[in-house]
Each structure stands twice: as C-alpha cells, then as structure tokens.
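So the protein lines, in turn, are chains A and B. Numbers 0 to 344, taken from numbering that gives the first Met the number 0, label the letters of the first sequence in order. Numbers 0 to 272, taken from numbering that gives the first Met the number 0, label the letters of the second sequence in order.
No wet-lab data here; the hints were simulated from the structure. The structure displayed is predicted, hence computed values, not measured ones. A hint or two may mislead.
Stated by the list, open to error - A short, non-exhaustive set of chain A residues, derived as facing chain B with CB atoms under 10 angstroms:
no.	residue
1	S223
2	E237
3	A242
4	T321
5	W333
Glycine included, C-beta positions come from ideal geometry on N, C-alpha and C.
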Amino acid sequence: MTGAAVSSEQAGSPRERPTTPSGADALGPKRLGARIQGAVIGDRIYSAAITLFALCVPALLILVAVEIFLGGWPALRRFGFSFLTSSAWDPVNGVFGAAPAIYGTLVSSAIALAIATPLAIGVALFLSEFAPQWLRQPVAFLVDLLAAVPSVVYGLWGVFVLLPVLRITVMPFLRDTLHLGVLPFFSGPAYGPSMLAAGLILSIMVLPYISSVSREVLLAVPRSQREAALALGATKWETIWGAVLPYAKSGIIGGVILGLGRALGETMAVTMLIGNRPQISASLFAPGYTMASLIANEFAEASGDLHLSALMAVGFVLFVITLIVNAIARWLVWQVSRAGGEKTA
Amino acid sequence: MTAATVEVTARGQPSGSGAPVTNRGALAARQFSFWYGEKQALFDIDLDMRSSAITALIGPSGCGKSTFLRSINRMHDLLPGTRHEGQILLDDADVYRPEVDATALRRRVGMVFQRWNCFPKSIYDNVAYGPRINASLPRHELDWIVESSLRRAALWDEVKDRLRQTALGLSGGQQQRLCIARTLANDPEVLLLDEPASALDPIATQKIEELLYELKRELTVVIVTHNLQQAARASDYTAFFYMGRLIEVGPTDRMFTAPQEERTNSYITGRFG
Ligand SMILES: Nc1ncnc2c1ncn2[C@@H]1O[C@H](COP(=O)(O)OP(=O)(O)OP(=O)(O)O)[C@@H](O)[C@H]1O
Ligand SMILES: [Mg+2]
Numbered sequence: 000m001t002g003a004a005v006s007s008e009q010a011g012s013p014r015e016r017p018t019t020p021s022g023a024d025a026l027g028p029k030r031l032g033a034r035i036q037g038a039v040i041g042d043r044i045y046s047a048a049i050t051l052f053a054l055c056v057p058a059l060l061i062l063v064a065v066e067i068f069l070g071g072w073p074a075l076r077r078f079g080f081s082f083l084t085s086s087a088w089d090p091v092n093g094v095f096g097a098a099p100a101i102y103g104t105l106v107s108s109a110i111a112l113a114i115a116t117p118l119a120i121g122v123a124l125f126l127s128e129f130a131p132q133w134l135r136q137p138v139a140f141l142v143d144l145l146a147a148v149p150s151v152v153y154g155l156w157g158v159f160v161l162l163p164v165l166r167i168t169v170m171p172f173l174r175d176t177l178h179l180g181v182l183p184f185f186s187g188p189a190y191g192p193s194m195l196a197a198g199l200i201l202s203i204m205v206l207p208y209i210s211s212v213s214r215e216v217l218l219a220v221p222r223s224q225r226e227a228a229l230a231l232g233a234t235k236w237e238t239i240w241g242a243v244l245p246y247a248k249s250g251i252i253g254g255v256i257l258g259l260g261r262a263l264g265e266t267m268a269v270t271m272l273i274g275n276r277p278q279i280s281a282s283l284f285a286p287g288y289t290m291a292s293l294i295a296n297e298f299a300e301a302s303g304d305l306h307l308s309a310l311m312a313v314g315f316v317l318f319v320i321t322l323i324v325n326a327i328a329r330w331l332v333w334q335v336s337r338a339g340g341e342k343t344a
Numbered sequence: 000m001t002a003a004t005v006e007v008t009a010r011g012q013p014s015g016s017g018a019p020v021t022n023r024g025a026l027a028a029r030q031f032s033f034w035y036g037e038k039q040a041l042f043d044i045d046l047d048m049r050s051s052a053i054t055a056l057i058g059p060s061g062c063g064k065s066t067f068l069r070s071i072n073r074m075h076d077l078l079p080g081t082r083h084e085g086q087i088l089l090d091d092a093d094v095y096r097p098e099v100d101a102t103a104l105r106r107r108v109g110m111v112f113q114r115w116n117c118f119p120k121s122i123y124d125n126v127a128y129g130p131r132i133n134a135s136l137p138r139h140e141l142d143w144i145v146e147s148s149l150r151r152a153a154l155w156d157e158v159k160d161r162l163r164q165t166a167l168g169l170s171g172g173q174q175q176r177l178c179i180a181r182t183l184a185n186d187p188e189v190l191l192l193d194e195p196a197s198a199l200d201p202i203a204t205q206k207i208e209e210l211l212y213e214l215k216r217e218l219t220v221v222i223v224t225h226n227l228q229q230a231a232r233a234s235d236y237t238a239f240f241y242m243g244r245l246i247e248v249g250p251t252d253r254m255f256t257a258p259q260e261e262r263t264n265s266y267i268t269g270r271f272g
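Whole structure, please, built from the sequences with the hints as guidance.
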C-alpha cells in the first residue's frame, strides 16, 4: 500500500513540470527547494517501506526457527546431548537419538556433491567454451530441465531402474571386480536401497543447479581476461584453466552451495532409495536414513508427544546444520574471492 | 629486413641511441586484407614496421587499426567467420603459414590491450603467468624473470614490497604497466599496444611513453593511438589508416609537418576524425 502511494508521488513530480513557464531555468530556487523537499520525503517513505519488507523475511525465518525449537524442546531436554550422538531411535520405548539420520544426511549430500560437482563443471565448461553454437541452447535447456522433474519421479526411476542396476551390476563390480571390497566403504551385501543409491539420485538432482550457475558465471568472465591469457601464449585449455576458471571460482562455489542446500533438504526421492534404517554403517552399500526422510516417514503416525517432539527436534537440527553449512560456504566464497583479489586489499 | 622498407629507410638511423640494437622482430604486411564474415575490414595493407623503432597507427574510429594489430599476433584465429589474404611477415616469414603455432607466435609477439586486464591474482603471479605456462622453471629463475620484467616496465620500485598482494589493488597506470611487464616476461620480440594509455591520466601516460622509449631499443613496438600528440611525441614512424586502407606512412616528423596525402593532412589538422 505504501508502495503505491510512493509511486504516485513519484509519477506526480514529472507531471507538474509543464506548469512551470519554460523549462529548467524557470524553476526558481524556492520552487526547486520544494521539489527537492518532496523528493526527500518520497525517498524516506520508499526506503522505510522496503526496509520493512526486507526485515519481514529474517523475522519469518527466526519465527520458524523458534517454533521448531519450542516444539522440539521437550525431546531435547529429555535426551540432552545424547540426542545428537545416540543411534537408538525407538518410538515404542520412547528413546530417541538422531545420530544415524544426521550421519545419513551429511554422507548422502557429500556423495552427491562429490559426483555432481566435477560433472556439472564439465557440463558448464562444455556449454560455455566448447560446444558448437547450435548445440548450446538445446543442451543447456535439457540440463536445466533436470531441475524441473518432480522429486517423486526421480524416486520412481530410482526404484525401478537405478536400484536393480546398482544391485546386479555396479555394486558387485565395485566390490568384487575392482576389489574395492577390502575398503569398508564398499563391503557388505548389495541389497540395492543404500546410501550410495541416495547419493547417486541426489547427484542427478543437484547437477542442474551447479551447472547452470557455473555456466552463467563462466559466460560472465570478461573477454579481456581470456584475451590476456591467449595473448601470453596460452592454449585454449590453458586459458580456461589459468584465467577463466580462477576468475569464476567464487561463483562456481556459490553454485555448489546452492546444490548442497538442495541435497541436505531433499526428501522424497531419498526416502524411496535410502532404505530408511536408523543405523550408522561405514559401507555405502548399507541402508541408512536422513533427517528429512525420517520426519516425512514418521510425522503422520507419530505415537505420542515425545515422538512428535523428537521429530521436531530433528527438524531443528536439520535447520541448524543447513545454517552452519551455508555459513561455512559463504566464508569459503569470501576467502576465495579475497585470495583472488576480487576485493581490493 | 626487406628492401621494401619504403620511405622509412630514408631516415636511415636506428632510433634509441647507444644501446645494442637487435634486428629481430621486424614486421611487415604484404597485400594484407581481412574480412569479418562478409564485411571487409582491411584492404591490401602494405606496411613495414621496423625493429628498434616505434610505429604508431593512427586513423579515425573504425578504420581497422585494432583489426590490423590483432592480425599480427593472430588473435582473430578463435573468431569464427573471419578470413584473410596476403601475408604478415615476422622476420621475413609469414605468421599465417600452416606450420606456425599461434601460441608460440603470441609469445614472440606480445600484446597489451586498451583496458588493463590483470588477472585477479597476485602481482607476482600475473607476471609469472606466461613463463609458467610455457616452461617449468626453477623458483629462482622465475623470481629473476619477474623482477627483471617489472624493472623493464618501470614498476619494480613501486611494487617490490607487495609482490604477493593482489594486482587489482594497483592504480590504473600501475596495472597497465603490470600488463606490459607480464607481456615482457615472455621475452617477446614485438610489442603491440592497442591504445594503452587512453584510460590513463597525463602523468601515467607520460610514464608509459617513457617506458616505450626505453623498450624500443630491444623491441619492435607498434602502438595504436587516438592521441595525435602522443603519436607525434612518442613514435618514430606513423601510419595513417582510413576506411580499412593504409593511406600514408612515413617518419613521424615528416608525417606531422609535411604529409603528402590530403586526407592525412585533414586528419592530423583535425578536420575530420
Ligand atoms: N568482431 C567483429 N565482427 C564484425 N566486425 C567487426 C568486428 N570487430 C571490428 N569490426 C569492424 O571492423 C572495422 C574495423 O574495426 P577496428 O576495431 O579495427 O577499428 P579501430 O580502427 O580499431 O577503431 P577504434 O579506433 O574505434 O578502436 C569496423 O568497421 C568494425 O565495425
Ligand atoms: Mg580499436
């Protein structure tokens, strides 16, 4: 409402112009003073309005955080620090520990980023530097489309295509043919639903985020930077490696963070593929749980107040972890851009 | 050196007194034409650019100065749809021969751009960029190259205590000299400059001009400039381009006092441009 008032006020000032006898020099000092006065008041109202809107967003965030915290408080008070470290999640006996879900969220997101980041940067580099012009738009469009596929569709595809392939081909291949089974990460029976499956589906889901941000950032690298490297005798690849990527580095990290945020909170597809078992296992072949899937699975049929409160507490932990991850990532971007000298020392 | 060094030889003496004069890096264009797609930007350019001298390219905007300069180190190679005819000779060998490696050529023919384009890296890393991609040198040699290049670019004293700091913290004039130092670190034979001082204040401009005067002892320098005083002050030879053609070339003092072409005369007296 205030916005509308301001815009009519602003529109008003040019309209009054023709009423002055003849253009600018006819604006006497008094008249000019009044106009400046009006503009100042308009500015004040306008800035007050946008400040208010801007403050609403963090206020909402804090409100949500407080709500979830209060909801989770009974469980947190009851179990204390062991809520974060205990693996016991037993609604029947009323014992709750969220460690497996926290572990699962972090590990599945880490797998997703480890797979998606190099792929996404590769896709972005291909699209911005190497692809012939006619191929760029269609491929970029298709990659971006990956982000538009509903989560549950990924889940279905994962259940009917990815899991059988993992169980029959990929897992035995990694474990037996490559003898990676000696490592704890690739040992144990291959059922299909597993941390690996969840990480893989997440990597496909976060790839478009990382790659489209990276592509934008790469395209925004000034031509003068490329020319500088070329003129110094760099090959195309050396130009990309030595001038383009370093210039784009902080932006690309920003894209990775966006993907990470997405991976941490993703619920549906992961729930369908991770096996939903509250256990911590070093093997990526073993099933696990994530915080988001835990909440989604149990919230509707929570048995009793303590169970509900424990789920709220899990939500609060997820919220805090997301905040921490984002803070770390922001700090990283800042470090990188400072080292690269984007901000003058 | 070819016999075809036009009126240029009339002047006879190598400029830059005293210092040892090398003859490497002599440049010449022979019947050189250039097209951006359908549009012809250069027409039959014949021009000699002597070593150990500064050749200034002048002419109104859009006349093809930058196009010509960028043809010399083949910066157009990556631009689709461009083509050329004729030759650019570096030490009597055409740079467009198929066996010439463009990246090796660009190390011999350094280029400095209008807008300084330092990398967002430290001062040291900027200067070391060329040597690093072209050879893996031991640390002390790299240090030496960085120091001597910065000295040659008259920047060493101003930055020697802050080599590890970001190059973007330098002033415009310093950044432009850093770009020159970065180019010199490749030990080129030719230095091409496309309006290197157009965004600088008079003091910084003067510094660059003094620097070029020093550098021309060892290098062939070709500079594009819109600033006629600068061309008159700083160059040995001046070439006047107009609508993609080379209208006239000669020793700078003659070009500015007794141009032989009417169009040159109108341009330098400011009647069009
Ligand atoms: N990438 C390009 N594609 C198509 N035409 C171009 C391109 N670059 C330059 N031209 C055209 O070629 C002609 C010569 O341009 P060039 O940049 O060489 O002029 P210039 O003499 O350097 O001008 P200025 O003094 O303004 O820098 C101009 O008509 C210009 O429009
Ligand atoms: Mg130009």
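Checklist entry - Checking against the hints above, which ones are violated? => result Violated hints: 4 and 5; rest satisfied.
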